[in-house]
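First residue of the sequence shown? That's 1 in full-length UniProt numbering, and the numbers climb one at a time after it.
Honestly, the hints are just simulated from the structure, not real lab data. Among the clues, some could well be false.
In silico DMTMM-like links for lysine to aspartate or glutamate, alpha-carbon gap of 20 Å or less [unchecked claim]:
#  : residue 1 : residue 2
1  : K3        : D77
2  : K23       : E78
3  : K76       : D105
4  : K20       : D188
5  : K205      : D183
6  : K246      : E231
7  : K155      : E179
8  : K225      : E212
9  : K23       : D183
10 : K155      : E133
11 : K246      : D188
12 : K48       : D27
13 : K189      : D237
14 : K23       : E36
15 : K23       : E46
16 : K246      : D77
17 : K189      : E179
What follows is a list of derived Cβ distance ranges for each label pair [unchecked claim]:
#  : residue 1 : residue 2 : range
18 : T175      : E231      : 38 to 48 Å
19 : Y243      : Q217      : 27 to 37 Å
20 : K20       : D233      : 40 to 50 Å
21 : L230      : K48       : 29 to 39 Å
22 : P190      : G73       : 29 to 39 Å
23 : E198      : L74       : 31 to 41 Å
24 : S222      : N195      : 22 to 32 Å
C-beta atoms are modelled at their ideal positions from N, C-alpha and C, and glycine is treated no differently.
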Amino acid sequence: MKKIFAYIGSQNGSNSYTRKLVKLVLDQVVLLSAGEIQYNLLSSDEVKIDFCYGCGCCFSRGFCPHDSTDAMGLIKDEMLQSDLIILASPVYGHNVTGNMKVFLDRISYWMHIFRLAGKLGVTISTSDSNGNEFVNGYLNKFMQFCGLHVICNFKALKLNNPITLEDTFENLDITSLSELIYDHLIHDKPVAATNTQESLFQHLKNFILELEANNIQNAEYSYWKENRYLESDNYNDLLNKIYSLKS
Numbered sequence: 001m002k003k004i005f006a007y008i009g010s011q012n013g014s015n016s017y018t019r020k021l022v023k024l025v026l027d028q029v030v031l032l033s034a035g036e037i038q039y040n041l042l043s044s045d046e047v048k049i050d051f052c053y054g055c056g057c058c059f060s061r062g063f064c065p066h067d068s069t070d071a072m073g074l075i076k077d078e079m080l081q082s083d084l085i086i087l088a089s090p091v092y093g094h095n096v097t098g099n100m101k102v103f104l105d106r107i108s109y110w111m112h113i114f115r116l117a118g119k120l121g122v123t124i125s126t127s128d129s130n131g132n133e134f135v136n137g138y139l140n141k142f143m144q145f146c147g148l149h150v151i152c153n154f155k156a157l158k159l160n161n162p163i164t165l166e167d168t169f170e171n172l173d174i175t176s177l178s179e180l181i182y183d184h185l186i187h188d189k190p191v192a193a194t195n196t197q198e199s200l201f202q203h204l205k206n207f208i209l210e211l212e213a214n215n216i217q218n219a220e221y222s223y224w225k226e227n228r229y230l231e232s233d234n235y236n237d238l239l240n241k242i243y244s245l246k247s
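Sequences and hints are given; from them, build the entire structure.
Structure below.
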């Protein structure tokens with residue numbers, strides 16, 4: 001059984017165009033897999049996620065004190081148990097929504113430890129007419145920094161029918177996206193590190209080695225040490241070790 005976790009940065013609930021789109025994609029994936037792939041779809045109106053307070057506890061001690069008072073603790077567990085992560089956001093001022101940004105702020109420390117290494121990612125943006133590339137680009141960068149292999153950056157333009165005022169999915173190849181997700185999950189397609197991830201890995205590895213040289217043992221150092229990241233020459237090497245443990 002393979003699992004997908006999808007988070008929608010929209011407050012519009014069942015009326016959200018973005019949520020409707022993602023659910024349609026995921027329902028097709030489940031159908032293609034005959035139930036071998038399941039998903040958990042959450043949107044920001046369904047869960048309580050507090051603002052990041054900037055205390056730095058997640059970076060220095062490896063946990064957020066607010067995880068016990070809102071939904072983020074459970075959401076993080078769900079993400080870690082999933083094989084593919086989808087982050088979807090409407091375009092607000094050529095950026096992600098405030099709800100999506102709050103969500104990302106709360107897991108930003110994962111960018112220092114490649115916490116989602118070995119998992120797949122998909123970004124989805126929706127707009128009335130433009131700005132999708134900024135949202136996809138931001139979500140893609142965030143995902144890569146967390147260790148995900150992004151298999152698709154999907155853009156959808158929302159066209160309102162002036163007569164019926166009903167949302168339409170215009171020129172969207174939703175089936176191809178569903179098939180791509182299905183193919184990667186069912187056949188465990190091998191993935192390789194991107195140049196961005198390789199550069200980040202070397203930068204962070206040097207930083208961790210500096211911490212070690214100065215006898216600073218914070219949560220980031222401990223995670224790298226305990227998971228034997230320092231033994232890998234590059235991020236591709238680390239990915240190969242992760243995949244060998246899965247097989």
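These are the hints, each one checked on the structure:
1. K3 <-> D77: Roughly 12 Å separates the two Cα atoms, so the pair holds.
2. K23 <-> E78: holds (18 Å)
3. K76 <-> D105: holds (13 Å)
4. K20 <-> D188: Violated. K20 to D188 sits at ~27 Å, over the 20 Å cutoff.
5. K205 <-> D183: Violated, because 33 Å separates the two Cα atoms, which is more than 20 Å.
6. K246 <-> E231: holds (19 Å)
7. K155 <-> E179: Distance of about 16 Å is within 20 Å: holds.
8. K225 <-> E212: holds (10 Å)
9. K23 <-> D183: holds (18 Å)
10. K155 <-> E133: At roughly 8 Å apart (the allowed maximum being 20 Å), E133 and K155 satisfy the hint.
11. K246 <-> D188: With a Cα-Cα distance of about 10 Å, the restraint between K246 and D188 holds, given a limit of 20 Å.
12. K48 <-> D27: This hinted pair is violated, its Cα atoms lying about 25 Å apart.
13. K189 <-> D237: Distance ~17 Å between K189 and D237 Cα, so the pair holds.
14. K23 <-> E36: holds (17 Å)
15. K23 <-> E46: Given that 20 Å is the threshold and the Cα spacing comes to 15 Å, the pair holds.
16. K246 <-> D77: holds (19 Å)
17. K189 <-> E179: Given that 20 Å is the threshold and the Cα spacing comes to 13 Å, the pair holds.
18. T175 <-> E231: 38 to 48 Å: holds (42 Å)
19. Y243 <-> Q217: 27 to 37 Å: 29 Å Cβ-Cβ, so the 27 to 37 Å window holds.
20. K20 <-> D233: 40 to 50 Å: For K20 and D233 the Cβ distance comes to about 45 Å; the hint holds.
21. L230 <-> K48: 29 to 39 Å: Holds, since L230 and K48 (Cβ atoms, about 37 Å apart) stay within the stated range.
22. P190 <-> G73: 29 to 39 Å: holds (32 Å)
23. E198 <-> L74: 31 to 41 Å: holds (33 Å)
24. S222 <-> N195: 22 to 32 Å: holds (28 Å)
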